[in-house]
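When we follow this note's numbering, the leftmost residue of the sequence shown carries the number 137, and every step to the right adds one.
These are computed hints drawn from the structure, not numbers from a lab. From the three backbone atoms N, C-alpha and C, an ideal C-beta is built for every residue, glycine too. A hint or two may mislead.
Stated by the list, open to error - Label pairs and their in silico Cβ distance ranges:
{"no.": "1", "residue 1": "G155", "residue 2": "F319", "range": "32 to 40 Å"}
{"no.": "2", "residue 1": "F322", "residue 2": "R182", "range": "33 to 41 Å"}
{"no.": "3", "residue 1": "S216", "residue 2": "E324", "range": "17 to 25 Å"}
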Amino acid sequence: MFTGVGAGVLWLPLLTVSGIPPSEAISLSIFTQIAGKGIGTINFIRDGIVDLRFIRYALPYAFTGITIGYLAGDIVSMKSERLLLYVFVGVASYLLIQMLQSLGNVNPPHHMELDESSLKKSRLIIVSSSFFTGLLSIGNSDWLIPHMKQRLSMSTQRAVATGIVIMFCSVGFYLFLTAVNVFLGFKEWPHHSPILLSTCSGVMIGGQIGTRLTRFEWLRKTQQHAFIILLALSIIHLLW
């Protein structure tokens, strides 16, 4: 929660190693993130850190991307999913390199009012990143946070907070799609749902701790570095 890096890259392999089928592991990974992102969303909105205008603009495109990815999960082969995963890793690596280059900038980015042109340029990356959320349970915040920081001149703290709120709404929408499909009889509810009692309690505690770390000035200064390190580890983890 301190960095905003999506936890799907961690939960999905852990659940599959535990013997849970990949199709169920994706849903359980998404549902687990709802608890943690929800705590972060409440705290960040209450503290007034998030960019509400960008969130309102981004959510319709995020929901579109998630829907496409969710439906594609039924028709995309395992080989194609692996290829798409490499595409995701490639874009994330490019954004990581951009953030590394920005570390030498002595003038930190200051928040600017978003114009219509800046918002329109964000549509493609919102839909694309959300597609992977619906297909592979990978957080769209992994793409959106670097984009908001580099292209929209947001501070790291504001970009992370805004990315977490968008991710929370995204995983909530994923839960809605799952519930509708279960109700219509197209899919079954995950059989290993009781595991959420333990996973959700843990991420809720972590969410409370992570959001409060940004209140310390010396930790806030290291937030960008922490994000870069965790994003790099996530990329390595995905490739592994």
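Cross-check of the supplied hints:
A hinted range of 32 to 40 Å is violated for the C-beta pair G155 and F319, which are about 27 Å apart. Checked against the hint of 33 to 41 Å, the pair F322 and R182 passes, with Cβ atoms roughly 38 Å apart. Against the hinted window of 17 to 25 Å, the Cβ-Cβ separation of S216 and E324 comes to about 23 Å, which satisfies the hint.
Checked against the numbered hints listed earlier, the structure breaks hint 1 alone; every other hint is satisfied.
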